[in-house]
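**Student:** Below, each chain spelled out in residue letters.
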Amino acid sequence: MSGCDALSRTEWFPRLLGAGEKLSQTAHHLIAPRKAMAQEFHEADRSPEFRSNGTAMPNSTAYQALAARGFTDYRLEVGGLVDRPASLSLAELRALPSRTQITRHDCVEGWSAIGKWKGARLSALLEAVGPKPEARYVMFFCADPMEEDGTGLYYESIDMIDASHPQTILAYELNDKVLPVPNGAPVRLRVERQLGYKHAKYVMRIELVRSFDKIAGGKGGYWEDNGYEWYAGI
Amino acid sequence: MPTKDAEARPAGSVRSAGYLYYRHALAVRIMHWINVIALTILLLSGLNIFSAHPALYWGKSSYTGRAPIFEISAKEDANGDAVGITRIFGHDFVTTGLLGASAGPEGEPVPRAFPSWLTIPDTRWLAMARRWHLFFAWVFVINGLCYVAYSFATRHFSRDLAPTAPDWRSIGQSIIDHLRFKHPSGEAAKRYNVLQKLAYLAVIFILLPLVILMGFAMSPWLDSLIPGWVDLFGGRQSARTIHFIVAWLIVAFALIHVFEVVVSGFWNHLRSMITGRYRVEAGTTDETAS
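So the sequences go chain by chain: A and B. The opening residue of the first sequence carries number 0 in numbering that gives the first Met the number 0; numbering runs sequentially from there. The opening residue of the second sequence carries number 0 in numbering that gives the first Met the number 0; numbering runs sequentially from there.
The hints are simulated quantities; they were obtained by calculation from the structure and are not laboratory data. Remember, predicted model here, so these are calculated numbers, not experimental data. Cβ atoms here follow ideal geometry from the backbone N, Cα and C, with glycine treated the same way. A portion of the hints provided could be inaccurate.
[To be verified] With the C-beta cut set under 10 Å, the calculated list includes, among others, these residues of chain B facing chain A: (1) Y56; (2) W57; (3) S60; (4) Y62; (5) T63; (6) W124; (7) A126; (8) H132; (9) W220.
Given only the sequences and the hints, what does the whole structure look like? Please build it.
**Tutor:** In structure tokens, the structure reads:
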């Protein structure tokens with residue numbers, strides 16, 4: 000098995016193994032339509048407490064100041080390849096067409112939890128800002144630093160098709176209450192049908208881009224830059 | 000598989016000495032060894048993935064208000080050393096050295112679900128373990144589909160693996176023979192015995208498809224194909240539990256398979272799965288007048 004470990008530490012072998020990701024993504028898109036809906040559950044299926052994983056309180060004074068004032072000063076910045084860049088308050092976000100869904104959150108680690116989410120439809124927000132035709136990905140930049148020195152802000156990305164899926168929402172409520180800080184207050188992404196790390200918490204800025212090659216580690220997300228798959232459907 | 004016996008049998012020498020019989024077709028031999036490699040890597044990388052959350056549940060999610068049915072954890076003893084605990088249906092067992100806590104870089108027990116020598120990679124590295132697992136899952140599935148297509152096309156299943164009426168009648172005798180480690184010899188060794196056929200069919204058509212299906216059930220994307228299909232298996236976390244149990248049933252099959260190979264002529268069987276040729280011993284051919 001030490002041969003396997005030596006291979007894991009080379010440059011080329013993990014990249015070869017990464018072919019599995021492309022194969023899975025292609026096969027999944029062939030099998031289940033891009034517009035297929037994730038399973039939705041009954042109230043009784045909800046987990047008694049929705050587990051918080053990763054960051055429970057962002058290690059950032061700016062974020063903590065926002066939280067201390069109940070996110071009244073929060074603005075969601077929306078820009079990049081859009082016709083009408085916007086800056087939305089929580090009230091403006093809540094005024095957008097919303098969706099409520101009871102879905103299962105599947106963590107890459109192997110556990111899952113069921114919660115009821117309410118949030119603004121990302122498709123409605125995108126319609127409001129008007130994506131330019133060359134926009135291919137929606138980037139989510141977050142408030143939580145992943146390194147102890149306050150750097151390495153969490154970020155994620157999804158493509159335009161997943162962004163316009165009816166279940167893709169910017170959630171501001173969990174289980175009929177205002178979204179708690181450990182679960183990503185004030186706004187987190189729900190992109191059902193992908194693993195938990197795609198569901199970026201503490202979303203501060205949304206940017207439409209043509210490519211994410213030049214952003215941070217270039218792999219489209221914090222965990223993607225650390226070796227996880229960009230396509231997180233399995 | 001058992002084909003072309005005329006090819007390797009010198010004319011007129013049937014009863015004088017043993018002869019090499021062409022037992023396994025090249026395609027089957029290649030697919031067998033690809034399967035060995037793929038399943039080994041899937042098991043060991045799977046154990047690394049499991050270590051990221053070493054608990055199994057029954058239900059639609061992990062947090063249903065009910066405790067896990069199986070959990071591996073570690074605690075510290077009075078000396079500050081790691082103690083491995085395996086909890087099965089609420090009963091705790093100390094499993095230091097194997098589960099929960101096992102040798103770290105300096106040989107001292109450190110908290111980890113499965114020992115380093117049983118995981119790919121050897122360290123806790125979920126992202127890399129997933130790459131190995133999800134790549135070799137494709138190797139395994141494509142190889143398996145090729146095997147099934149090949150075996151139907153060449154009638155390998157119906158000719159060599161489907162139990163015959165005499166097979167069914169001999170099942171009691173076959174069980175007794177296996178328990179006594181008594182194996183067919185001579186011409187009878189050219190065919191699979193009934194327990195062997197049933198074991199292979201169960202693995203090919205039940206265990207392997209089930210472990211794949213339960214892998215699919217863990218995929219949030221594939222769950223959306225027909226929302227709710229996962230609940231037929233008790234829910235997504237139940238599917239993960241079944242995936243884990245079936246993986247170990249496949250390991251149990253592999254251990255029995257290798258054991259049978261060892262006790263019924265290791266080198267002969269090994270050669271037949273490498274070169275295709277299996278030596279049929281002379282002198283005991285009376286039951287099959289060919």
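**Student:** Confirm or reject each hint.
**Tutor:** The hints, checked one at a time:
1. Contact between Y56 (chain B) and chain A, as hinted, is supported at the beta carbon level, the nearest pair being about 8 Å apart and thus within 10 Å.
2. Because the beta carbon of W57 (chain B) sits about 13 Å from the nearest beta carbon in chain A, more than 10 Å, this interface hint is broken.
3. Interface restraint check for S60 (chain B): the shortest CB-CB distance to chain A comes to about 5 Å, inside 10 Å, so the restraint holds.
4. The interface hint given for Y62 (chain B) is met, as the beta carbon of that residue sits about 4 Å from the closest beta carbon of chain A, less than 10 Å.
5. A cut of 10 Å between beta carbons decides the hint on T63 (chain B): the least distance to chain A is about 7 Å, and the hint holds.
6. Checking W124 (chain B) against chain A by beta carbon gives a least distance of about 7 Å; that is within 10 Å, so the hint holds.
7. For A126 (chain B), the interface hint holds, the least distance from its beta-carbon to any beta-carbon of chain A being 3 Å, beneath 10 Å.
8. Interface hint status for H132 (chain B): upheld, as the beta-carbon distance to the closest one in chain A is roughly 8 Å, under 10 Å.
9. The closest approach between the C-beta of W220 (chain B) and any C-beta of chain A is roughly 3 Å, which is under the 10 Å cut-off, so the hint is satisfied.
Of the hints listed earlier, the one the structure fails to meet is number 2.
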